[in-house]
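Undergrad: Sequence:
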Amino acid sequence: MSQPAARHLLSVAHRRLGRRGWGVLLGLCWLACVLVGWRLWRHEQVVHHMLHPARQALTAEERAQAQARLPGLREVSFNTTDGLTLRGWYVPSHSGAAVVMVHGAGANRAWFLEEAVALSQRGLGVLLYDNRANGESDGDTQTWGDHEQDDLRGALDFVQAQPDVDPQRLGAVGFSIGAYTVAMVAAQDPRIRAVVLKAVWTSLPDELLFMAGPTGRFNAWLLGQEFSWAGVRLDRVHPGDLVAAIAPRPLLVVAGDQDRDAPMSVSRAVYEAAREPKQWRLIPGATHVDYERLGGDALHQQVAQFFCRGLASKVPAAL
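Positions 49 to 367 (my numbering) are the ones given, in order, by the sequence shown.
One should not assume that every hint holds.
Once the Cα atoms are required to be at most 20 Å apart in a straight line, the calculated EDC-like pairs of lysine to aspartate or glutamate come out as [as the list claims (entries may be wrong)]: (1) K326 x D305; (2) K326 x D283; (3) K326 x D237.
Hints are computed from structural coordinates only; laboratory data are not their basis.
With the sequences and hints as input, model every part of the structure.
TA: Next comes the structure, spelled out in structure tokens:
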């Protein structure tokens, strides 16, 4: 278009819109910019919370309960391959078998306290630790099952070095991000002889796509880019592709039928991809935060017996 023609069109538009029309148009443009900016700010806030969760400090009551209900408990720590110190509780084994417990996002080691009691009462050793960037452990970035895999290997190194533990009788249980972590390590590390996954996803990219909701693939891509910039390697978190490798070691998958964060259908897909021996446990009414509460003692005892059998130990009555 020639310059005279362009000037003519602008002149016509100016006459038709007038001052008021231009004011409305500029106002709409300003509003659009504000809305886009607010949306981007909200996106950044959500991503920041996902990668840098607010720490859930251990309370005095949680410490007191753990000391009272887990005989022999001691405060421990171990180092990660990238130089962080992770802190937790270790309860000695009376059977030679031991279980490592890996909590989910924005939580701490006390998440698994009730289940740890059930395991300890049956003579199993227990290591509960705070994930990186959570509780009392070092770090400021939660990597959604990526670097946490190396952390779990460090936890296994710590447990198998304990004099009360048979290195051939180690198990692991994980919830949510912890389930990602346990599933991926168990599929590749034969030291884990029995596995419990609670609220597990097929893969981290699948979960990000689910989080994106109606906005779809672009927002999922944007989330993925934010995670990658924070050092999260999405291709290292895909349990659905590797869970079959856990066999012939026993697997228990636990899901809540009201879980909106890790839908039952997704956990079921991981279960279906696994090979025997495997078990499925559904908790009626459980949302993402209700597994331990609604599962209650029945779930804790089922998990304890699962590990006793899976780690080839005698199943005694509760001590």
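Undergrad: Confirm or reject each hint.
TA: Hints, one by one, checked against the model:
| no. | hint | verdict |
| --- | --- | --- |
| 1 | K326 x D305 | holds (19 Å) |
| 2 | K326 x D283 | violated (25 Å) |
| 3 | K326 x D237 | holds (18 Å) |
Comparing the model with each earlier hint shows a violation of hint 2 alone; every other hint is respected.
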